[in-house]
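Each chain, letter by letter, is given below.
2 protein chains.
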Amino acid sequence: MGSLSTNTFSSLDSDGFTNDSKMVIDFIAEYYKNIENYPVQSQVKPGYLLTKLPDTAPYCPESLEDVLKDVTDSIIPGLTHWQSPNFFAYFQIKCKHCRVCCYRARIHCNGLDGKDAQAPHLLFLFSGNGGGVLHGSTCEAIVCTLVAARDRTLRNIGAENIAKLVVYASDQTHSALFKGVKLVGIPSSNFRCLSTSFSSEFSLSPQSLEDAIENDIKAGYVPLFLCATVGTTACGAVDPVMDLGKIARKYNLWFHIDAAYAGSACICPEFRHYLDGIELADSLSMNPHKWLLTNMDCCCLWVQQPRLLIESLSSNPEFLKNNASESNAVVDYKDWQIALSRRFRALKLWVVIRRHGIDNLMFHIRSHVNLAKRFESLVAKDSRFEVVVPRRFSLVCFRLKHNDACKASELNRKLLAAVNESGRAFMTHSVVGGLFIIRCAVGSTLIEERHVDDLWKLIQEKAADLDEETGAIGE
Amino acid sequence: MGSLSTNTFSSLDSDGFTNDSKMVIDFIAEYYKNIENYPVQSQVKPGYLLTKLPDTAPYCPESLEDVLKDVTDSIIPGLTHWQSPNFFAYFQIKCKHCRVCCYRARIHCNGLDGKDAQAPHLLFLFSGNGGGVLHGSTCEAIVCTLVAARDRTLRNIGAENIAKLVVYASDQTHSALFKGVKLVGIPSSNFRCLSTSFSSEFSLSPQSLEDAIENDIKAGYVPLFLCATVGTTACGAVDPVMDLGKIARKYNLWFHIDAAYAGSACICPEFRHYLDGIELADSLSMNPHKWLLTNMDCCCLWVQQPRLLIESLSSNPEFLKNNASESNAVVDYKDWQIALSRRFRALKLWVVIRRHGIDNLMFHIRSHVNLAKRFESLVAKDSRFEVVVPRRFSLVCFRLKHNDACKASELNRKLLAAVNESGRAFMTHSVVGGLFIIRCAVGSTLIEERHVDDLWKLIQEKAADLDEETGAIGE
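These protein sequences, in sequence, are chains A and B. Quick note: the first sequence uses the UniProt record's numbering, first residue 1, plus one each step. Quick note: the second sequence uses the UniProt record's numbering, first residue 1, plus one each step.
Because the hints were derived from the structure by calculation, they are not lab data. Relax, there's no trap hidden among the hints.
As a list, the in silico DSS-like pairs of lysine-lysine whose alpha-carbon atoms are at most 30 Å apart:
1) Lys462/A to Lys414/A
2) Lys457/A to Lys33/B
3) Lys69/B to Lys33/B
4) Lys462/A to Lys45/B
5) Lys33/B to Lys373/A
6) Lys414/A to Lys45/B
7) Lys407/B to Lys321/A
8) Lys457/B to Lys373/B
9) Lys321/B to Lys457/A
10) Lys33/B to Lys462/A
11) Lys401/A to Lys373/A
12) Lys381/B to Lys457/B
13) Lys33/A to Lys52/A
14) Lys457/A to Lys407/A
15) Lys33/A to Lys22/B
16) Lys246/A to Lys218/A
17) Lys321/B to Lys401/A
18) Lys22/B to Lys69/B
19) Lys462/A to Lys401/A
20) Lys414/B to Lys45/A
21) Lys381/A to Lys414/A
22) Lys321/A to Lys457/B
All chains should be built: construct the whole structure from the sequences, respecting the hints.
Below, the structure written as structure tokens:
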């Protein structure tokens with residue numbers, strides 16, 4: 001399925017974007033001209049694609065021609081042609097500008113499936129047992145896992161005990177979890193938002209988790225769900241997956257790992273240790289649309305026991321019944337997610353992996369990490385500033401120092417506002433351990449060293465203005 | 001904002017698709033070349049766009065040049081440029097092939113907002129009070145309204161009473177509702193799936209609804225939510241919105257209207273009566289990706305009281321705090337939906353409306369309805385067949401007649417399989433009132449009369465084969 005190209009990779013520049021895009025447009029137009037020649041409903045056997053795919057993701061980039069040839073030879077035969085004028089089924093769904101639309105997952109754009117147990121790199125997410133599905137967002141993925149966990153437990157203790165269920169995470173956990181808890185009907189007062197601190201670099205303490213669980217059990221609650229984060233939004237903290245996973249197993253909690261941002265980094269061997277203990281997880285999510293060159297939206301969710309998702313989310317109305325589903329020959333991903341219909345997200349992720357190759361995807365991650373290190377060293381050289389939390393990935397958290405905590409927050413707030421109001425750069429803030437910090441998140445596909453250097457100059461310039469105005473810097 | 005063009009509309013043919021698409025690719029490449037010239041964070045004032053927009057959607061199509069000029073002049077100044085190399089905020093979200101990405105709804109692609117109270121056509125959905133938001137799917141929209149309704153009631157009766165809440169709909173209602181009920185933690189046994197029949201053309205009987213509500217109240221349950229459907233999936237049935245709405249008001253139920261498919265038809269005056277009583281609704285959803293030329297995914301949700309959504313779905317972590325949100329100067333659509341991040345769906349819907357104009361969108365709907373009528377009359381002329389349920393929109397439900405109900409189902413099942421296995425067309429089935437029926441749903445943008453005629457010939461051909469094989473047709 002396409003030979004590996006040895007071309008040197010360079011991230012798509014403007015011409016590359018234009019050329020690739022127009023080639024795809026022509027491809028789609030051609031597909032469209034021929035659409036009446038295809039059987040309207042796919043005639044392939046379930047699983048047909050498995051034999052056509054390589055065992056591993058490509059290390060080197062492949063040409064777009066090769067990728068499109070595989071779409072023609074291998075993907076299109078597996079599609080039901082929803083845009084065909086001879087399509088009179090269901091209600092039609094429009095897909096005007098990308099006429100390749102997959103409603104039910106008859107095709108698997110592998111290696112995004114369980115088969116790739118040996119693929120050492122990108123596909124660690126979906127290797128081993130369990131199964132993977134592409135969602136639109138972490139919140140959606142978390143809602144589905146919460147519902148699966150909730151129902152598994154309520155089947156044992158009775159639906160009337162929903163208000164006894166307890167969910168655990170650190171105070172650094174993304175707000176998606178809290179929102180998910182509310183959505184699935186668990187009282188928000190049953191969300192245990194466990195404190196973290198500078199001393200643990202804002203990672204969740206296994207001891208505080210176990211204490212909280214024990215307290216809840218004594219009080220008659222039922223511990224349900226634990227979310228650990230690899231790369232928190234506020235400061236890039238990493239929870240200790242292995243230690244937390246053991247506690248989750250001990251108390252029979254559903255253990256979810258949210259690696260929305262930093263999961264992408266784990267395609268590089270040097271970052272993979274952050275996932276040690278992953279085998280203890282019931283589910284894991286990461287977002288290629290954050291740091292893996294994939295367009296919004298694309299969230300990979302892996303679950304250890306897909307049947308638990310299916311038991312909570314399946315629905316089988318008459319109008320969807322078909323032989324392939326009823327014989328369990330295909331995976332009905334509608335039962336792994338909230339919505340019935342699905343966009344064909346696997347296609348874009350598959351093209352990203354093939355067009356760039358694992359080698360260049362790793363290069364992409366490492367170049368961002370190196371730029372973050374560069375910024376970090378610039379901050380470290382200026383005695384007015386400090387890096388507040390150790391940098392692990394491509395996020396640097398820093399601030400102007402000041403002896404007075406309140407004044408420090410005020411100064412940094414003003415500095416950030418001045419930088420952003422200039423229009424020359426945009427950063428955001430967070431508050432960790434009571435400190436207002438500025439976040440410099442390296443993530444643009446267009447970024448070069450000069451942008452980092454310019455950012456630092458801009459910050460210094462605004463800090464000088466601020467010092468002139470307040471005389472307060474360096475106190 | 002762009003002058004109305006008087007060009008004659010024709011739906012995009014292959015060349016039109018190619019030309020328009022390549023113009024957009026060039027536009028994006030140009031944006032990308034200039035990206036460093038824009039202030040990274042949008043510097044416009046909230047609401048700036050309201051003064052730049054016409055009061056009504058265009059009746060005639062506009063040129064793509066005009067639309068893109070407005071994107072340059074009016075939309076881009078309102079964007080925070082997430083793809084800029086000077087973007088160091090949050091974690092970056094990739095949007096490689098459409099670099100216009102809107103994370104938080106600082107811009108409103110109106111007229112998709114409350115302002116358009118006078119727009120008589122497409123924008124009826126979002127006129128008057130209340131507010132609109134674009135979701136990805138009906139199920140997502142329903143989950144959000146169910147959660148808002150659930151929490152409104154639980155605030156009065158206590159969270160521990162979640163298992164008393166009851167949801168009502170007809171047995172023709174889309175499975176999305178049942179799935180939504182389970183997702184939000186209401187026991188599935190509290191879903192009242194009320195029977196419909198041929199005598200009411202499969203619409204929900206107000207009397208049976210009221211009886212069910214009264215029974216539940218007597219049994220100690222708390223009636224919560226009613227979903228009416230305008231254009232059911234199985235057979236295009238329409239629930240009596242006005243009568244059901246009055247009952248919902250009487251018993252203080254949240255009243256949702258699911259117009260996923262047929263809502264698009266209501267841009268034509270002759271179909272709008274199906275929504276009479278809409279003023280009684282708490283929420284309404286419809287999917288332009290089904291029948292309004294908009295790419296998957298796009299579901300319009302209107303709610304009478306947005307604050308109820310916000311009370312259930314809001315989350316305000318520190319890393320998202322900003323002056324505009326805190327002063328309530330902008331609408332934070334993250335609090336109207338499940339996910340935090342949002343794709344810029346408004347842009348595609350806005351382009352569809354402007355590029356086609358209301359006149360041609362109505363033409364599009366009517367041409368499909370006329371093709372369905374054509375098919376219906378072909379069926380009616382053949383005494384072996386019958387139209388099973390009155391056609392209201394572009395869906396024709398028909399079957400081979402047979403005196404024996406079991407044999408009839410078997411014959412129609414075989415007929416449908418034969419048609420689909422030919423690869424020349426694809427239809428699906430449903431079961432209503434115990435009868436297996438074949439659904440012919442006209443919906444393709446490419447469809448012409450010949451496709452309908454060919455479909456009918458194909459059906460007749462397969463029916464003849466079946467008669468030869470079984471000798472059972474016409475018994």
